[in-house]
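**Student:** One-letter residues, chain by chain:
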Amino acid sequence: MSDAGTVHPIRVTINGEAYERTVESRQLLVHFIRDTLALKGTHIGCDTGNCGACTIIVNGKLIKSCMMLAVQADGAEVETVESLAEDGELNPIQKAFHAEHGLQCGYCTPGLLMSATYLLRNNPNPSEEEILRGIRGNICRCTGYVNVVRAVQVAAGAEPTAGAASREEAAR
Amino acid sequence: MSAEAVRRRAGSRPERDPEAMSAATRAETVTAPSETTEELGRWSGKSVRRTEDGRLLKGQGKFADDHWVHRQGFAQFVRSPHAHAKIVSIDTSKAMSLDGVFTVLTGEEAKEMCEVPFFQIAPEPGGKLQEWPLAVDKVRYHGDAVAVVLAETRELARDAAELVEVEYEPLEAIVDGVAAAESGAPVLHEEIGSNVAWQGTYDYGDIDWALENADHVVKIDRLHFHRFSSTPLECNAAVVDWDPGTGVVEVFSNNQMPMFGSMVIGPTLGVPSNKLIFSSQDIGGAFGIKIGSYPQLAALALLSKKAGRPAKWAESRSEHMLSAGHGNERSFVDIEVPVQSDGTILGFKVKAFDNAGAYLHYEPLGAVIWSQVTPGCYRMKHIRVDFTQTLTNKCPTIPNRGYSRLQHLWMIERIVDIVAQELDFDPVELRRRNYVQPEDYPYETPNRCVYDSGDLPRSLELALEAIDAPKWLERQRELGTGSGKRIGIGIGSTLDSGTNNFGQARIVNPELPFSGNGEAAYVKLDLYGEVNVNIGTTPQGQSHETTAAQVVADILNMDHGDVNVTAGFDQRHNTYVAFSGTYASQFAVTGLGAVMGAARKLRDEIITLAAYALEADEDEIVLENGACHVRDDPERAIPFIGLANMALSNNAVLTPELRERISLNCRYVYTPPFDVPDAETKTGNITLTYASQIHAAVVEIDEETGKLEILDYVAVDDCGRVINPQIVEGQVHGATALGIGAALYEAFDYDPSGQLQQSSFYEYHALTAPDMPMIKYADIESPSPFTPNGAKGMGEGGGAPLSTICSAIQDALGDRDAVVSDSHNPWWRIHELLRSGENGGPRGVEVSSR
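Chain order of the listed sequences is A and B.
With my numbering as the guide, the letters of the first sequence map in order to residues 1 to 172.
With my numbering as the guide, the letters of the second sequence map in order to residues 1 to 850.
Worth flagging that the hints you see were computed from the coordinates, not collected in a lab.
Any given hint might turn out to be false.
[Stated by the list, open to error] Capping the alpha-carbon separation at 20 Å, the derived lysine to aspartate or glutamate pairs in DMTMM-like fashion look like this: (1) LYS95(A) x GLU545(B); (2) LYS62(B) x GLU82(A); (3) LYS471(B) x GLU169(A); (4) LYS61(A) x GLU82(A); (5) LYS61(A) x GLU79(A); (6) LYS62(B) x ASP35(A).
[To be verified] Cβ pair distances, simulated, as ranges: (7) ASN123(A) x GLU478(B): 32 to 40 Å; (8) SER483(B) x MET67(A): 53 to 61 Å; (9) GLU86(A) x GLY561(B): 20 to 28 Å; (10) ASN125(A) x ARG158(B): 40 to 48 Å; (11) GLU130(A) x VAL88(B): 23 to 31 Å; (12) GLU86(A) x PRO634(B): 37 to 45 Å; (13) ASN123(A) x PRO244(B): 52 to 60 Å; (14) GLU130(A) x ARG55(B): 24 to 32 Å; (15) ASP570(B) x GLU77(A): 37 to 45 Å.
[Stated by the list, open to error] Over the 12 Å line for every Cβ pair with chain B, so calculated as not near, a few chain A residues: (16) GLU17; (17) GLY60; (18) LYS61; (19) GLN72; (20) ARG133; (21) ALA162.
Computed from a predicted structure; not experimentally measured.
In this text, a Cβ means the ideal position worked out from N, Cα and C, and glycines have one as well.
Looking at chain A on its own, in the form it has when it is part of the complex (with noise of 0.2 Å):
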């Protein structure tokens, strides 16, 4: 209800930017993000923390923007995809979405690119089990998540090997 709704002001630090406003209680980061600050890279495809296309970062750790409230991020520092490129030029992890074809309609890759970005911080090497892993949260319905894994191991350096044998000999 409309009158259940009290306001709050907030201040939250995204891509590094400070920003001030007075929020209802009840509206969503997300919706914060998007509608308020009119930060449109960040996506919804779901409101029930199960499709990852909102997933950002707010003080170092992977959320997933629909399961939190704006009010919440008060005091936080937020990177969203706006944060990744580097004066304008696609940064390491981007370029290795583009070269590999991690990407077709470009509605996940925002939150894709986020968890990307987290995995690879905390574990420049990972397994292509842990990619698997490391991107369970986010839902992508165009590639079968075969180029997203090679652009990740593209990214942390390696080759892309993803799909070039069965789990079986890729174990050995």
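Use these hints to put chain B onto chain A, whose structure you have.
**Tutor:** Frame of chain A; chain B shown alone:
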């Protein structure tokens, strides 16, 4: 090609340096006779990196919900919690009393604002069905929209929608697509008088003779193809603005077939097509499902008209699952298959019941589209299909990747595996024996479709090599009984028919004035000589900007990076025909056919103009990297900017004749060579191209739990000449993933009262990365003799994984004798199959031999 080569290829990375790119990434080329195929140029056939990626990787795409306009309100639909109920009353007063609510539109009001109900494709009696933008008098499925609210914010619109009070009088629901056809079933649409939307018999060859004279007849009681959706990650969304001043209705949305939408809703809204303006830029996946947003778009148009402001709508995921459209569910009953002792399958006879849900959206075209692949990959001659499409209290169906063919192809693959099991044939040998053979092409099917080219035995061989089939057969034998594990090897053979002939609509309704197909493109030089392309298509990840630039660059002999292809579709500036859009595996043929035609026209104009400017003969003019020069005299040259100047801003230097002839803005409409099919005999060439998919899988099943693990998987693809190998491989991956998801996890189930059981990704379990085997890929190229570039449409993938996984499960069951009869096989169904075999449960299969 060895398995080694497959591995190498899968792991190989396209070269970074475009100059160093070669077609060497192709696994193998099998050449079929080709009359129209011309030499591929510098760019076509190479893994050029995608133009689209830059903006999408930076979060700079423009998707439907990214579009905001001045004075917009947020729309929220009010949807029925009942599957079937009378609407007794709707009270909007509480919703309207909320501060910030602009208006509420009910079904009854919407109907009064409309001229006519939505156009129906079906002949009578199915065609009597009346559908309006919102439900009127009664609701017919869980999620049917009864009203729509417009408010100042998203949250407020949701609050208000909850305050719309609807009184329902529940009615008995019918959800089973076979039972719905029986007399006595609750009727959804009284004006039709029954739930039968369409019924017809497809009868080719002489199936009665074949059944009487065959050495064996295999009878299968029932096979069931389940309901699922590719669930694009971006839900439907739109901003619809009915401008009271001009009468123009602007629809910025992610609808993937806007011209069809326009033709359906225009007459209903009373808006002429030149004032119903669709546009879109980036679309977050669609897979056919986004053909189906037109009823919502019509409701939003009326809402905007009533409120006097733009209506912005972003569908929620649960709303998408409830009401955006599902793939067709189909039951195959009383199947009879005549088989000779040598393994020749003569054909089949079947009663098919297609469950279209509560309204006919694009249907009953699904009642004919399967017949593009009537005999599947096989030389079967005697086929009778009694096809009934029924209306039930489920979400309306809409074309979903592989639309209508994948159900039929799955049934045929089940037939082949069941025949193999019952008559003790090797399923691989049985396929080899019955496949259409390479020398048969162009192959005319019993219903006079023409399979253009292919090499199925070679594809099968590649698939078996890639998974190292002998190794797994050995492993299967070693495992024996008592290990608690079973290994199964499965094959799926499917066709992705592309570039359909809309004349097939006449097979369901001879009165329909539709036939052929086509697409339109502009290629032009802009003010400073820049090359620009725009097309009538609405891509959703299929990389049209990249591949169109490749073919234009080849024709104008320039760098593909210097060709700009307009992102997205805008009816105001893109060219289009009524068939425009992106659907049904056809861009490489119709879209690129149009682009090639327009680019050639522009090239001709450029040559004429350059010859005039350089005082040379036209046949002396050479195009190179955005300029023209005289052959053997590179100093006599003029860049495109000079030509653009002459034609566009300096035209007094031209002769009157050149001024008349040259626009540097060239339009071309590609139309495939189709005739009108014969509605009486239900025959004719109803599709131009047939890409093929041979998939092979190795699965391991745990006997205790029914858990299935895919140990190896390969997709072998043949889509004719390939324009961009990396893009084709990517689409094969995607189609395979959706098929594996549907085979093992994804289903839309309704309880008997018509309640949908899966309304979020929690229950639906869309395939995640750890669920997906990292599949192998190989391909061959059998160029189509019927297309401008030898390419075939692709991308839908024929639903091969559904057939392949079922085949592998069947193989793993082995001596347990249970028959895989459903396309959806999560662990619990496999568990049931294992137990039913042990218990000697009914198998639903019978063989009679002479």
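**Student:** Hint by hint, note whether the structure agrees.
**Tutor:** How the hints compare with the structure:
With a C-alpha separation of about 19 Å, the suggested pair LYS95(A) and GLU545(B) falls inside the 20 Å cut-off, and the hint holds. Between LYS62(B) and GLU82(A) the alpha-carbon distance is near 14 Å, which keeps this suggested pair within the 20 Å criterion. Restraint check for LYS471(B) and GLU169(A): satisfied, since their Cα atoms lie roughly 12 Å apart, inside the 20 Å limit. Restraint check for LYS61(A) and GLU82(A): satisfied, since their Cα atoms lie roughly 17 Å apart, inside the 20 Å limit.
With a C-alpha separation of about 10 Å, the suggested pairing of LYS61(A) with GLU79(A) holds against the 20 Å cut-off. Taken as a hint, the LYS62(B) and ASP35(A) pair is honoured in the structure, with Cα atoms around 14 Å apart against an allowance of 20 Å. Checked against the hint of 32 to 40 Å, the C-beta distance between ASN123(A) and GLU478(B) comes to roughly 37 Å, which is consistent with it. At roughly 43 Å, the beta carbons of SER483(B) and MET67(A) sit outside the given window of 53 to 61 Å.
The hint said 20 to 28 Å for the Cβ distance between GLU86(A) and GLY561(B), and at roughly 21 Å that hint holds. Our hint of 40 to 48 Å for ASN125(A) and ARG158(B) holds, since their Cβ atoms are close to 45 Å apart. Hint check: GLU130(A) to VAL88(B), Cβ distance near 57 Å, so the stated range 23 to 31 Å is violated. Checked against the hint of 37 to 45 Å, the C-beta distance between GLU86(A) and PRO634(B) comes to roughly 40 Å, which is consistent with it.
For the hinted restraint 52 to 60 Å between ASN123(A) and PRO244(B), the CB-CB distance of approximately 58 Å keeps it satisfied. Here the CB-CB span from GLU130(A) to ARG55(B) is close to 30 Å, well matched to the stated 24 to 32 Å. One distance hint, 37 to 45 Å for the beta-carbon pair ASP570(B) and GLU77(A), holds here, with the actual separation near 39 Å. Listed as outside the interface, GLU17(A) is consistent with that label: its C-beta sits roughly 15 Å from the nearest C-beta of chain B, beyond the 12 Å cut-off.
No beta-carbon of chain B comes within 12 Å of the beta-carbon of GLY60(A); the shortest separation is about 20 Å. Every CB of chain B is more than 12 Å from the CB of LYS61(A) (nearest about 20 Å), matching its label as outside the interface. Every C-beta of chain B lies more than 12 Å from that of GLN72(A), the closest at about 17 Å, which supports listing it as non-interface. For ARG133(A), the non-interface assignment is contradicted: its Cβ lies about 6 Å from the closest Cβ of chain B, within the 12 Å cut-off.
Distance to chain B contradicts ALA162(A) as a non-interface residue, since its nearest Cβ pair spans about 4 Å, not more than 12 Å.
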